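Chains as they are written, first to last, in our numbering: chain A, 152 to 539; chain X, 152 to 539; chain V, 152 to 539.
Among the hints, a few may not be true.
Any copy, or any two copies together, can satisfy a pair, since identical chains are not distinguished.
Listed below are the simulated DSS-like cross-link pairs for lysine-lysine, each with C-alpha atoms no more than 27 Å apart in a straight line [said to hold, decoys possible]:
1) 508 to 312
2) 314 to 511
3) 312 to 484
4) 441 to 312
5) 484 to 314
6) 314 to 519
7) 444 to 168
8) 508 to 314
9) 166 to 232
10) 508 to 441
11) 166 to 511
12) 481 to 168
13) 481 to 312
14) 524 to 312
15) 314 to 481
16) 452 to 166
17) 387 to 232
18) 232 to 312
Derived by calculation from the structure, the hints in this document are not laboratory data.
Model, not experiment: these values are computed from the prediction.
If you want the building blocks of each chain, they are given just below.
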Amino acid sequence: GKDGLKFETSDGDFKFKLGGRIHADASFSSGDNFRDADGQRIEANDGTELRRGRMEFSGTFFRDWNFKSQVDFADNQVGVKDMFINYTGLDFIDIIVGEQKQAFSRELQESSNDMIFIERSVMNVLNESTVDRALGLNVSRRGRNWTGQVGIYGDTIAANKRKTRADEGWAVSSRVTFAPIMEESRVIHLGVAGNFREPNDAGEIADRPLQLASESTHMSNLNLISAGITDIKNIKMLGLEASGVMGPFSIGGEYTNTWIDRKNGESSLNFNGWYGEAAWTLTGESRNYKNGKFYKVIPAKNFSFTNGGMGAWELAVRYAEVDLNDNTFKGGKLSNLTIALNWYLNETVRLMAGYDKALKITDSPLTKSDGSKLDNLDTFMIRAQLAF
Amino acid sequence: GKDGLKFETSDGDFKFKLGGRIHADASFSSGDNFRDADGQRIEANDGTELRRGRMEFSGTFFRDWNFKSQVDFADNQVGVKDMFINYTGLDFIDIIVGEQKQAFSRELQESSNDMIFIERSVMNVLNESTVDRALGLNVSRRGRNWTGQVGIYGDTIAANKRKTRADEGWAVSSRVTFAPIMEESRVIHLGVAGNFREPNDAGEIADRPLQLASESTHMSNLNLISAGITDIKNIKMLGLEASGVMGPFSIGGEYTNTWIDRKNGESSLNFNGWYGEAAWTLTGESRNYKNGKFYKVIPAKNFSFTNGGMGAWELAVRYAEVDLNDNTFKGGKLSNLTIALNWYLNETVRLMAGYDKALKITDSPLTKSDGSKLDNLDTFMIRAQLAF
Amino acid sequence: GKDGLKFETSDGDFKFKLGGRIHADASFSSGDNFRDADGQRIEANDGTELRRGRMEFSGTFFRDWNFKSQVDFADNQVGVKDMFINYTGLDFIDIIVGEQKQAFSRELQESSNDMIFIERSVMNVLNESTVDRALGLNVSRRGRNWTGQVGIYGDTIAANKRKTRADEGWAVSSRVTFAPIMEESRVIHLGVAGNFREPNDAGEIADRPLQLASESTHMSNLNLISAGITDIKNIKMLGLEASGVMGPFSIGGEYTNTWIDRKNGESSLNFNGWYGEAAWTLTGESRNYKNGKFYKVIPAKNFSFTNGGMGAWELAVRYAEVDLNDNTFKGGKLSNLTIALNWYLNETVRLMAGYDKALKITDSPLTKSDGSKLDNLDTFMIRAQLAF
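Model the full structure from these sequences, guided by the hints.
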């Protein structure tokens, strides 16, 4: 059916589901005639890209034992996404062991199939390289209108590639959400999350120096701001979330603060970022909310030439900032504005158009071709998405 | 069933299919005691290879929305093949968005499962690196005995890996076919195709200089002729096709002409290639034709020890040429003869044997080990194929 | 059902099965403060790892034609495992063509899902790089209590990557097993195997010098002993196997001897390894035996809080040795002791804990940090496994 290919034994003890997603993108930038730190001409490369191409196999054994394996083949490379075992045989907690998202940030935890915008906000620069997926043990509990989870995670999913003293790092993170209002089309969502990460013996994350960078698009290979951070002692992170839905309107925002303690006499660093977003479903549908996460709009009437259905149309805007400067450390500071127009043809297919304007760029490693400071970058993106 | 694993809802609005293919090859060459341009001893390496190992997941949502995702794992690398969304809700055209074959050349468009010979012809040297799969938008229409399609495509499927000014290239291509005769076992097929491609900002195709080269087998790592072309301004290509089927006999041929305009004062180049082939199904079956493409023979009676079925046996021969020389530019010129003996045990399994003789080799980067010019290379190949 | 997702046509001529496995590991080592040959500090890296993450698609066409394709995505890399066509239409032999395990060693032939210990023994250092999977043709026959198989195999699954004279190598191997006693919970198993391998033209295996090395864990990137062997003329190997099951108790052992002839005046080498293991299922179940291989314990009663089932618990111990020294050639010699505690929650899920103690380490390329000889390494491992 519409959720993909599903099978179930008659007693419901064994279930299987095959799923997949195709995100086919094209992106174009203007105002991108730059020079890099070496004076070489550089731009935000335009072009097409299979942003995500995933297959997914999930299921249940003996009623209580679930698994999910999801692998990405975009860029002609293997990206193991979820690959975990989930035990639901206990009344009071769920247990997940394996590769999974860490317990931090609504924006990061929500599926890329459900995002309002084509890419996550620039705030995610702080989260993507620290609290994205890892191999670990997560326990969670949820009530009618709240969720709580805590997990302990390793560093990389792969075998250690360093031939030196490099015991892998680890992290503990936790996210708690609460919805004081949770009705069909009226929601108030609040969330708070914390993360503590120890790097590997070499002071690195994922076998290399921590790289916090904002690529203008995934396709572009252009980082407007960029910070490479070595000699890490530990990382502490705090995340705050608030969102509200009122019929076809929704607003939301998140804030992340990152403290990085360093060794070998390097100074500690403190970075932060945030975003605020507002969305309006022109065709009247509400965004969906469940267990501390938002899900995409389901069209009231699917698009069809025969029956005159329009699908759902959504308009959204987001302002976001990230600040990688701290005292004399200048990783750069960036704010931007993003506009999205989404057409949900049905539950499976979505067409997206996006416009992103870099508003304020401070301490970028790039300059304009005439040597002056960067003051703008306009990016246009389109996506065809099929996901189930 | 025999077409793989298929599912369908009772109203036919949702369908799913799992497929796959295994092509296991061995190849052997003789007369291959050569030296490369540096005087190092080199040969067409013999050995075994998983030529193709693919999984495929395709289906339909809400009657009109199809998807196909096909990924290759041969060489222990990811090769995203088809990965597209197909909309069939319009009466007059079909729309395909995503990674797909460009609209050019019957030989290239036909599936490797259906090819008469183990490898495509040397003419394909011109097509493989320019009009093979890309991310794009294709619209097509077809009548009872004709097809027409036009598409616009990007360059690589992956994110841009260059850190310089390198906006991706793009192309427009179109292929039209017409079958003045189209009966059960009598077909005349005609086709014409054109392609215009703009390279990336660096004058390259797929993030690197255009490489036109004829490898003696996929396994061998030996290029009999080879041309590396930089500073490309644009590429124009014309393709012509003609084929005929008369009962168990079929003949066919294709011609490709490629014009490459170049910048920075480099001279323009004009290359061409062609092949002619003839096949005879000893067991009497006809090759199958549909929508401008030929499909493999379906045995009248599957091979079986119990019921005495023979499967289908096919004998085929092909002559092909490609010319990468133009005035003072010497990429080399090559002609060869290929003989194929195929045993279709049933619709799923096929055993193939092939012999390939390089007939005339001009301006090769290689020499024989005694320093004289190359005049021959004999290659023997076998394949076990299971595809559904 | 519990064996994964299975489909079958009513006449049984067409069958399909989807399977998968997740092995999520964590490993910790102590007593690992070493220096490598260059004096650099090195250790057995601790951490987490997705040891195996595989999807599998197998099936049958026209009753007699089976296929299996199994691909691993661990380490975010493609590893094609089984990818073969199997013909069972002959009464007296089975034929397998494609990527498959070579006919050598019970330990290597048994699935990683069925192993008693988290990793194979140090004896496997001799087998892994010579008689693991390859592309080939295998014929086998089996009776009620015996099996026999012989195969001819190529070298690598991938296309040759060398641009020199490097025709791929090939091998012939054969394994015969016999079970003089084969009852429900009483088994005596005996086996013998032989392998002859020719390297490629460059005297290499799998496109590089033969590397025999014992990594302390797959995660660690630390080789306690290591031998790189060039100029190989051929390799001959002999394997002996014996095992016994008596109710919940089982014992077993294997011995491998490897003779390496070399060219260019290099001396011939003779290495050997062996292991002995004993296992006790605390909950009383017997290990399962079929066609010359052992399979994991099936719990008499699945683990469940509701019905009080315990699953199956298994305790096992293994002693193993491998000797890569021969006369003046010093690849090193290693013996170790491994203890395993396994909890089979049901047929699909297993939790494993392991302890490994390196007992005697001779001629290691490593030293302790104070310059003295290595005398110990303690490794602790845990695994969560879901496989079907």
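| said: Hint by hint, where does the structure go against what was stated? Just the numbers, ascending. | reply: Hints 4, 10, 11, 12 are the ones this structure does not satisfy, whereas the remaining hints hold.
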